[in-house]
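All chains, please: the whole structure from these sequences, using the hints.
If you're matching them up, the sequences are chains V and Y in order. Mapping the first sequence onto the numbering used here, position 121 (from 1) lands on 121, and the numbers just tick up by one. Mapping the second sequence onto the numbering used here, position 131 (from 1) lands on 542, and the numbers just tick up by one.
What the hints contain is simulated information worked out from the structure, not anything from laboratory work. There's no promise every hint is true.
Calculated pairs, BS3-like style, for lysine-lysine (alpha carbon to alpha carbon, straight line, at most 25 Å) [to be verified]:
1. V/Lys317 with Y/Lys497
2. Y/Lys529 with Y/Lys545
3. Y/Lys551 with V/Lys12
4. Y/Lys536 with V/Lys12
5. Y/Lys602 with Y/Lys472
6. Y/Lys627 with V/Lys12
7. V/Lys398 with Y/Lys469
8. V/Lys317 with Y/Lys627
9. Y/Lys497 with V/Lys330
10. V/Lys330 with Y/Lys469
11. Y/Lys489 with Y/Lys469
12. Y/Lys496 with V/Lys317
13. Y/Lys551 with V/Lys317
14. Y/Lys489 with V/Lys317
15. V/Lys330 with Y/Lys489
16. V/Lys398 with Y/Lys489
17. Y/Lys496 with V/Lys330
To list a few chain V residues with every Cβ distance to chain Y over 10 Å, as calculated [as the list claims (entries may be wrong)]:
18. Arg20
19. Gly173
20. Arg177
21. Asn179
22. Arg180
23. Gln194
24. Leu309
25. Glu318
26. Leu325
27. Trp368
28. Arg397
Don't be surprised by glycine CBs; every beta carbon is placed ideally from N, CA and C.
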Amino acid sequence: MNISLTFIIALKALRVNALRSVLTMLGVIIGVAAVIALVSIGTGAQDKIVGQIEALGSNLLIIVNASSRDSGARMGAGSKLSLTTEDVDAIANEKQLITIASPTIHTKGQVISGNFNWSTDIIGANKSFFIARDWSIAEGRFFNELENNSSAKIGILGKTVVDNISPNNSPVGTLIRVNRVPIKVIGALEPKGQSADGKDQDDIIIIPMQTVQKRILGSNKRARPNMVHVIWVKVINSSRMSEAEERIKEILRKQHKIRPGKEDDFKIHNLEEIRNTVSQSIGVFTLLLGAVASIALVVGGIGIMNIMLVSVTERTKEIGLRMALGAKRKDILMQFIIESITLSLIGGFIGIIFGMIVSYLISKTAGWPTTIDINSIIIAFFFSAAIGIIFGAYPARKASLLDPIDALRFE
Amino acid sequence: MELIKLSNLSKTYQIGQNEVEALKNVDLKIQDGEFVAIMGPSGSGKSTLMNLLGCLDKPSKGEYVLDQNIISELDSNKLAEIRNKKIGFVFQNFNLLARTTAIENVEIPLIYSGLNFKERELKAKKKLDLVGLKDRIDHKPNQLSGGQQQRVAIARALVNEPVVVLADEPTGALDSKTGEEIMSIFQRLNKSGITIILVTHEIDVASHAKRVITFKDGVIIEDKKKN
Chain V
1 MNISLTFIIA LKALRVNALR SVLTMLGVII GVAAVIALVS IGTGAQDKIV GQIEALGSNL
61 LIIVNASSRD SGARMGAGSK LSLTTEDVDA IANEKQLITI ASPTIHTKGQ VISGNFNWST
121 DIIGANKSFF IARDWSIAEG RFFNELENNS SAKIGILGKT VVDNISPNNS PVGTLIRVNR
181 VPIKVIGALE PKGQSADGKD QDDIIIIPMQ TVQKRILGSN KRARPNMVHV IWVKVINSSR
241 MSEAEERIKE ILRKQHKIRP GKEDDFKIHN LEEIRNTVSQ SIGVFTLLLG AVASIALVVG
301 GIGIMNIMLV SVTERTKEIG LRMALGAKRK DILMQFIIES ITLSLIGGFI GIIFGMIVSY
361 LISKTAGWPT TIDINSIIIA FFFSAAIGII FGAYPARKAS LLDPIDALRF E
Chain Y
412 MELIKLSNLS KTYQIGQNEV EALKNVDLKI QDGEFVAIMG PSGSGKSTLM NLLGCLDKPS
472 KGEYVLDQNI ISELDSNKLA EIRNKKIGFV FQNFNLLART TAIENVEIPL IYSGLNFKER
532 ELKAKKKLDL VGLKDRIDHK PNQLSGGQQQ RVAIARALVN EPVVVLADEP TGALDSKTGE
592 EIMSIFQRLN KSGITIILVT HEIDVASHAK RVITFKDGVI IEDKKKN
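Dropping the structure here:
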């Protein structure tokens, strides 16, 4: 006797008690829907945060100045400017590990264009900065080495700055003033959105580094001509991030003549490492959500077992008759197992659809990002099939072990 | 041809502390094409005999040969196969599956023989035709009279061309007129060469058979053949 026929017999038996079958399925439906919806919230959060980290640029090491110590009081990150352009050149020399080492200097300033003005972050950078950050231009062009070295008065605007100083028309080609220095806008950047810590990465104006050094910071007495606030290092590939980090540490300690045992005067942020840590911790969180939801699934399975036991008792006479007419024990076993698998699979299928709807509603109403992973659908499907087998096995075995004579006599 | 041979067959049940001997050293031979009625008061062992003949139970002692198969030596899977292929059951209370059409009820034994849908339908239709229910094939048991239900059950018993039909009080749940109808079907089937063994305690019913075997306390006390 073949499976498809057993399946048809099972469907018929389930249809006879349609309401009971639906109520039994409800346990599995809710369980599967809960797994799908909750895991989609976890995965959505993971995707969003990982996306934000990746938006900073791929294979990126970010080197910043460390805190300084003033009579034992630590002054906070970046309070001591130890990084220099010479450090950048030394790092860039490690060509087997590093593709780009790009320095930036940072300050704040007021951008004025006609009647609009906006306070924003000013970044002095080289052309390679855009490559290191995987940042592309929406309109206009990047600046070149020549313009950088000649301290050209040009700049590229982030999306937020464009929106605030030139909301109606393209800023490219216009002349603006940045801290009273006239700057010609040559380009506008693609938006990058919020960073992982909630900072608007598009609230920015990028100006050639030499221009910032000489014309914008020029009057500041703390500004040394070779100073660097941040070095953006792009590593050859993601598997060599730690190796590159170690190597840069060595180079910088040597450059800065730090004696063994003394603290570093710089700090290296390994984005890959941060990404993995965050991704892992959210992964654990997702797993936890899934595990909690699975409890509902197990409860659903117990519901199936309960109903199958009732069904076996109710149909004792039918079982006896089928045996008398030639059903083997394994035919009876299969009949009831398939019946419970059918219950759990239909329940699982409806649960998947239901879970997707719930997940969609959550992202719409609560505004949480949700991602439905094809894996969680596959897992939910097989899990519900397994529930059917596991919780159907005992009632089915009970049915198959009935004595045909007693079963036939059962009233 | 010798269809059934029981040699020194015994069946003992354990009821609590006591052993009850339902059949005691029964020897019996039934030829192909016979119409046998088994009679006796309740507790005489006739139901036990039917269960053994129907391969639903195994003897405690002795040998049972059905159509050259030594039944007493077979395992439960083999017994299921024998029941499926060689035996047709007709029960007192019909035992049709509720909410299942006549033709689907008749098809059940064929399902377990592994026939496909077309073959099943063809065979089931033929047998329903034979018992005069050609136009009732899609009726469910609750839409059929008692006599019609028993005829569906007979069609089901015949559908796999068994070597013997075992009928346990087939008229017990029917009025006497309908009972007569059912018995005439059995007679007609027997005339066409089908072996029938029927258990009853009604002499009227037994009178349709060509041979009447009477049991008492687990032994045959009378074995009477009509000319």
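Hints, one by one, checked against the model:
no.: 1; hint: V/Lys317 with Y/Lys497; result: holds (22 Å)
no.: 2; hint: Y/Lys529 with Y/Lys545; result: holds (17 Å)
no.: 3; hint: Y/Lys551 with V/Lys12; result: holds (14 Å)
no.: 4; hint: Y/Lys536 with V/Lys12; result: holds (21 Å)
no.: 5; hint: Y/Lys602 with Y/Lys472; result: violated (34 Å)
no.: 6; hint: Y/Lys627 with V/Lys12; result: violated (45 Å)
no.: 7; hint: V/Lys398 with Y/Lys469; result: holds (21 Å)
no.: 8; hint: V/Lys317 with Y/Lys627; result: violated (29 Å)
no.: 9; hint: Y/Lys497 with V/Lys330; result: holds (20 Å)
no.: 10; hint: V/Lys330 with Y/Lys469; result: holds (20 Å)
no.: 11; hint: Y/Lys489 with Y/Lys469; result: holds (12 Å)
no.: 12; hint: Y/Lys496 with V/Lys317; result: holds (21 Å)
no.: 13; hint: Y/Lys551 with V/Lys317; result: holds (18 Å)
no.: 14; hint: Y/Lys489 with V/Lys317; result: holds (21 Å)
no.: 15; hint: V/Lys330 with Y/Lys489; result: holds (12 Å)
no.: 16; hint: V/Lys398 with Y/Lys489; result: holds (20 Å)
no.: 17; hint: Y/Lys496 with V/Lys330; result: holds (17 Å)
no.: 18; hint: Arg20; result: holds (14 Å)
no.: 19; hint: Gly173; result: holds (78 Å)
no.: 20; hint: Arg177; result: holds (86 Å)
no.: 21; hint: Asn179; result: holds (87 Å)
no.: 22; hint: Arg180; result: holds (91 Å)
no.: 23; hint: Gln194; result: holds (62 Å)
no.: 24; hint: Leu309; result: holds (20 Å)
no.: 25; hint: Glu318; result: violated (6 Å)
no.: 26; hint: Leu325; result: violated (5 Å)
no.: 27; hint: Trp368; result: holds (48 Å)
no.: 28; hint: Arg397; result: holds (14 Å)
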